[in-house]
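Peer 1: Same order as they appear, the protein sequences are chains A and B.
Heads up, the first sequence is in the numbering used here, so the first residue is 137 and it goes up one at a time.
Heads up, the second sequence is in the numbering used here, so the first residue is 69 and it goes up one at a time.
By construction, these hints were calculated from the structure, which means they are not laboratory data.
Check the hints yourself; a few may be wrong.
Stated by the list, open to error - As a list, the in silico BS3-like pairs of lysine-lysine whose alpha-carbon atoms are at most 27 Å apart:
| # | chain 1 | residue 1 | chain 2 | residue 2 |
| --- | --- | --- | --- | --- |
| 1 | A | K191 | A | K204 |
| 2 | B | K71 | A | K195 |
| 3 | B | K81 | A | K186 |
| 4 | B | K125 | B | K81 |
| 5 | A | K204 | A | K186 |
| 6 | A | K162 | B | K71 |
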Amino acid sequence: QQPVQSPQAVILREGEDAVINCSSSKALYSVHWYRQKHGEAPVFLMILLKGGEQKGHDKISASFNEKKQQSSLYLTASQLSYSGTYFCGTEGNAGNMLTFGGGTRLMVKP
Amino acid sequence: DVKVTQSSRYLVKRTGEKVFLECVQDMDHENMFWYRQDPGLGLRLIYFSYDVKMKEKGDIPEGYSVSREKKERFSLILESASTNQTSMYLCASSLVTKWGGYTFGSGTRLTVV
């Protein structure tokens, strides 16, 4: 079952903050975050593992609540380059494939 | 950098045709995946492969098959294309580690008429 992302879309001014949420109905081993710009391939941003480890982008942070099967991506002091569609991908067991959410479209305006 | 290359950026095929979508990665990744992307539905997994000649069905395998004869190449086959298979198809690869983030290709926009 696909994780649910919220909000579906958000518009920001440069310098503002945003939070994108990802919620799953099943226990998770890991959560991935990707950003896709229009007409381009999704690009890996971060991975958060059960147990607290995480690895990824140095200007973007995220959290993973294992008990609630929820993850949040925090975009602070947003830049124009942050515009795009953000996807979370969830992994139920180590080594399984990712199931992606429907995406959150983020637009940053000057 | 890892590169995942999809052979065609745009394809137009007729209903009933057999369609081959090719994907090649150059960094010795064990895992390879085919997803389709439709507006509002995100990315849905069609098939994945964790080794040569090994494959597993994803969430929407009906109407598709795959082939992985070499580690670097993963092909998606539409046995008899239908209009409801018009979509963006994305190939991805990853290492088998806990840090195995996906590297995606640029996608193939397939239109079935």
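Peer 1: Now tell me, hint by hint, if it's right for this structure.
Peer 2: Here's how the hints hold up against the structure:
no.	hint	result
1	A/K191 to A/K204	holds, 21 Å
2	B/K71 to A/K195	holds, 24 Å
3	B/K81 to A/K186	violated, 44 Å
4	B/K125 to B/K81	holds, 24 Å
5	A/K204 to A/K186	holds, 12 Å
6	A/K162 to B/K71	violated, 32 Å
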